[in-house]
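Student: Chain by chain, the residues run as shown.
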Amino acid sequence: MIRGFLSLYSFNYPRIVIYMLQSTEYMVKPYLQWYWRTANFTQVARRRSLDMTRRAKLLLLVMRLGVALQIALAIVLLVHAYDARNWQLFNIGVVLLLSFPVIWAHLITVPLILARHLIAVPLERKLVKQSAALFSKHEGIKIAVLGSYGKTTVKELLLTVLGAGKDVAATPANKNVAASHARWVRTLTGKEEVLIIEYGEGAPGDIKRFADTTKPDLAVITGIAPAHLDQYKTLEAAAQDIFSIVDVVGSENTYVNRESEPLLSYVNKNQDGYDTSEAMGWKISKISVSVDKTSFVMKKGKKTLNLHSGLVGRHLVGPLAFCAAIASELGMSNKQIEKGVAETKPFEHRMQPRLLAGGWVIDDTYNGNLEGVRAGLSLLNELKAKRKIYVTPGLVDQGEQTEAIHHEVGELIADAKPDKVVLMKNSVTAFIQAGLAAKEYSGEVVIEDDPLRFYTHLDQVIAVGDVVLMQNDWTDNYN
Amino acid sequence: MKTIAVFFGGRSAEHDVSIVTALASIIKPLELSREYQVEPVYIAKDGSWYWDQRLKDIALFRTGDIEDFIRKAPKAHILFDNGLTLVKSSQFAGRKAYKHIDVAFTAMHGTHGEDGELMGIFEMANVPYVGCGVSASAIAMDKVLSKQVAESAGIASTPWTWFTSNELSQNHSAVVKRINTMKYPLFVKPARLGSSIGITKVDSPDNLVNALEVAAHYDDKVIVEEAVPNLIEVTLPIIGNEDPEPAYLEQPLLDANDFFDFETKYMGQGKKMGGKKMSGGAKQGAQGYSKIPAEVSQKVYDEAVQMGLAVYKALGCEGIARIDMLINSKTNAVLFNEVNPLPGSLYAHNWRAKGYSAVDLVTRLIELAIARHAKVAKKQTAFATNFLKQF
Chain E
1 MIRGFLSLYS FNYPRIVIYM LQSTEYMVKP YLQWYWRTAN FTQVARRRSL DMTRRAKLLL
61 LVMRLGVALQ IALAIVLLVH AYDARNWQLF NIGVVLLLSF PVIWAHLITV PLILARHLIA
121 VPLERKLVKQ SAALFSKHEG IKIAVLGSYG KTTVKELLLT VLGAGKDVAA TPANKNVAAS
181 HARWVRTLTG KEEVLIIEYG EGAPGDIKRF ADTTKPDLAV ITGIAPAHLD QYKTLEAAAQ
241 DIFSIVDVVG SENTYVNRES EPLLSYVNKN QDGYDTSEAM GWKISKISVS VDKTSFVMKK
301 GKKTLNLHSG LVGRHLVGPL AFCAAIASEL GMSNKQIEKG VAETKPFEHR MQPRLLAGGW
361 VIDDTYNGNL EGVRAGLSLL NELKAKRKIY VTPGLVDQGE QTEAIHHEVG ELIADAKPDK
421 VVLMKNSVTA FIQAGLAAKE YSGEVVIEDD PLRFYTHLDQ VIAVGDVVLM QNDWTDNYN
Chain D
480 MKTIAVFFGG RSAEHDVSIV TALASIIKPL ELSREYQVEP VYIAKDGSWY WDQRLKDIAL
540 FRTGDIEDFI RKAPKAHILF DNGLTLVKSS QFAGRKAYKH IDVAFTAMHG THGEDGELMG
600 IFEMANVPYV GCGVSASAIA MDKVLSKQVA ESAGIASTPW TWFTSNELSQ NHSAVVKRIN
660 TMKYPLFVKP ARLGSSIGIT KVDSPDNLVN ALEVAAHYDD KVIVEEAVPN LIEVTLPIIG
720 NEDPEPAYLE QPLLDANDFF DFETKYMGQG KKMGGKKMSG GAKQGAQGYS KIPAEVSQKV
780 YDEAVQMGLA VYKALGCEGI ARIDMLINSK TNAVLFNEVN PLPGSLYAHN WRAKGYSAVD
840 LVTRLIELAI ARHAKVAKKQ TAFATNFLKQ F
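In order, the protein sequences belong to chains E and D.
For reference, each letter of the first sequence is one residue, going 1 to 479 in this note's numbering.
For reference, each letter of the second sequence is one residue, going 480 to 870 in this note's numbering.
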């Protein structure tokens, strides 16, 4: 406790405050939530250090100047009060001197709030309004990709597979909100044959707003799972928002991932889509999954596709098959489709296999939802290995369902029967442990309180014949 | 949580190699296991002992700050209290810091550590320790003794002879004459140094005297061995007590005319390859490039593994050791060469290939140390007699 208090007065304190702001992407609410639950500010920056961007430099300068000013003011006040034997004023000076860390941790958000509301928001609004016209004018087929999970994967797969025969553009990385759509459309040539637009829902009404602006022709819903529950409160509310896309493109132009169980209750039985056995009328067979590739066959009428992908996991067969089916609908040849699928490779930190110290490490640290956990554990269960190790800190942003979901995560882990489970210690660890205990998991459980140390020394823990699945990663602001 | 003291450094030519073995291959995985509290004990080149958590930091040694540390830090000593307790002055009010240890883990290479001296202390203290015991360590580190023991167990090795430095100075011509009855090329080696220090390959009698003097400069005991033609060098890491378990037979990738000297092992990382491109199963292990498993016929492979295990047992090795062997690739003859009772970096690269991670390996070695100690503890070593009453 004393150390925590003293950490407020450490030389690095302003830097830590700016680091916290930067880590929460300068969003005031999560920053303040993190700030008030921090007991010791010297323990905050464990994963990375402050990236000295222009914004960070400026805020750091403002904070340091502000702190210096407050200290100077407090000293002047103290000296004056002492000379005048004015103890009331002296006490105010003491409070002023001691309070500078807390005062400036809050005052530093003022320029951010002002900049956001006076500059960024109006600017973005204008940009989004202008972009609606650009999207309307564009003649390419617009495919909206949305869902609680898997949308970035499906977007990238569509880009790769369709890119083997079409001029395709897709929203970059995880830039999936209205402002980023608006910036992206301005970069297009206008000659693209297909546009793929990822929708990153975060609060009720988002999907309708995105669709009104981008005017998609088709939509693919990649799955429904508990995510952003801090805003949506319930899964039902999140699903309602996601399915509002049907009002824009129509049911016949909406494709769904039929393997997402929660999703099925919002669609009728014949809703077109994909799973591991069928995609848009194509039958899927001969699925084989190994630690570094996935292969399968698709058949429709007289057409046969022999597909091999560098992606890993049975759960990716459906999305890959959907991409191949869409490609066929758009007139691509079998050869082009097979080439496109062959070019699909794991994305960074998403079921990305790599060899380390002779063992296979499957990096799925960007996964952040229960369905992803399910898919990963199903893969781990399916793979052959001398020893299987599962590593996770759990999931973030699970709202009121945090305990129930992590209990389920524990049960899923127990069902997959890894030899060893490594849990990164945090607020949900006990819930996962309870899930493991409920299923009488008998393997080794290690509670790791220093994730960075574990990740950097992973080579010491594994050997030839091991498969390690690492799912999810909590940045400093979630600890 | 068990307390493991890791001893490293020492009065040996392999002082620096020992630091790397301790810090990278023992202390780091021990700490990562989360099962042990690790106490590093550094033995300086002058033989002084230091015990401090800061000694776990490789930067202390890499930057040379260790010299400053040694000047300021209190020396450690040990207390025999039906076990072993580390002791050092706290430097305040005459108080001392104590730490009772549960298991000793030696990371010592070469003289005054790997040769059984340190193990003697642990035996006296009645504390479990990792690796070969006193006699096995002493025999293994003495190439003459280990050949004699191997020969008595019917294990073949290349023709060899030995002499003392005293014999060389007093009866030089007789020694040279005896050696000249052997078939050149020859290897002249100090009998009790590790890491190939002081070894010379002698192609003709002209270079013999110089080679003998070099070897005698390092050790009072010198061994001379005939070189094996069409040579394939192989090495077999083994762990275990009564039921030793071999790792893969490993083949260091050297030119047939060369040998594994100190520079190749620790400094050059394969300098003798002359820039040859590695292929196939070549891996850069702790000691340069090697093939794991060795590329020899299955029959020769099996024979070498059996010989390695036979040597391990004949010398009474326990815990861990590495058996070096020589193969004549034309005749397929497998010959015992020498034993290394504490392989550099524990040969963790080979064990990893075998399925033991670095953490698994150190954990297993500690289990073996505890098992051996428990077994020995059951033996009765003291007897009640009325001898003193008769006095």
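No wet-lab data here; the hints were simulated from the structure.
Hints are supplied without guarantee of correctness; some may be wrong.
[Unchecked claim] With the Cβ distance kept under 10 Å, some of the chain E side facing chain D (calculated, not the full set):
1. 24
2. 27
3. 357
4. 387
5. 448
6. 451
7. 453
8. 463
[As the list claims (entries may be wrong)] Straight-line alpha carbon distances no greater than 30 Å define the calculated DSSO-like cross-link-like pairs of lysine-lysine that follow:
9. E:386 to D:578
10. D:507 to E:420
11. D:481 to E:420
12. E:386 to D:551
13. E:425 to D:507
[As the list claims (entries may be wrong)] Facing chain E, according to a computed beta carbon distance under 8 Å, are these residues of chain D, among others:
14. 507
15. 834
16. 853
17. 856
All C-beta atoms in this analysis are idealised placements derived from N, C-alpha and C, irrespective of residue type, glycine included.
Student: Determine for every hint whether it applies to the structure shown.
Tutor: Taking the hints in turn, this is what the structure says about them:
1. 24: This hint is violated: residue 24 (chain E) lies away from chain D, its Cβ roughly 31 Å from the closest one there, beyond 10 Å.
2. 27: For residue 27 (chain E), the interface hint is violated, since the closest Cβ of chain D sits about 36 Å away, which is over 10 Å.
3. 357: Result: holds, 6 Å to nearest chain D Cβ.
4. 387: 8 Å, holds
5. 448: 8 Å, holds
6. 451: 13 Å, violated
7. 453: 8 Å, holds
8. 463: It holds, given that the least Cβ distance between residue 463 (chain E) and chain D is near 4 Å, below 10 Å.
9. E:386 to D:578: 39 Å, violated
10. D:507 to E:420: Since the Cα atoms of residue 507 (chain D) and residue 420 (chain E) sit roughly 20 Å apart, the hinted pair holds (cutoff 30 Å).
11. D:481 to E:420: 21 Å, holds
12. E:386 to D:551: 49 Å, violated
13. E:425 to D:507: 20 Å, holds
14. 507: 6 Å, holds
15. 834: Result: holds, 5 Å to nearest chain E Cβ.
16. 853: 23 Å, violated
17. 856: Violated - the Cβ of residue 856 (chain D) stays beyond 8 Å from chain E, reaching only about 28 Å at its closest.
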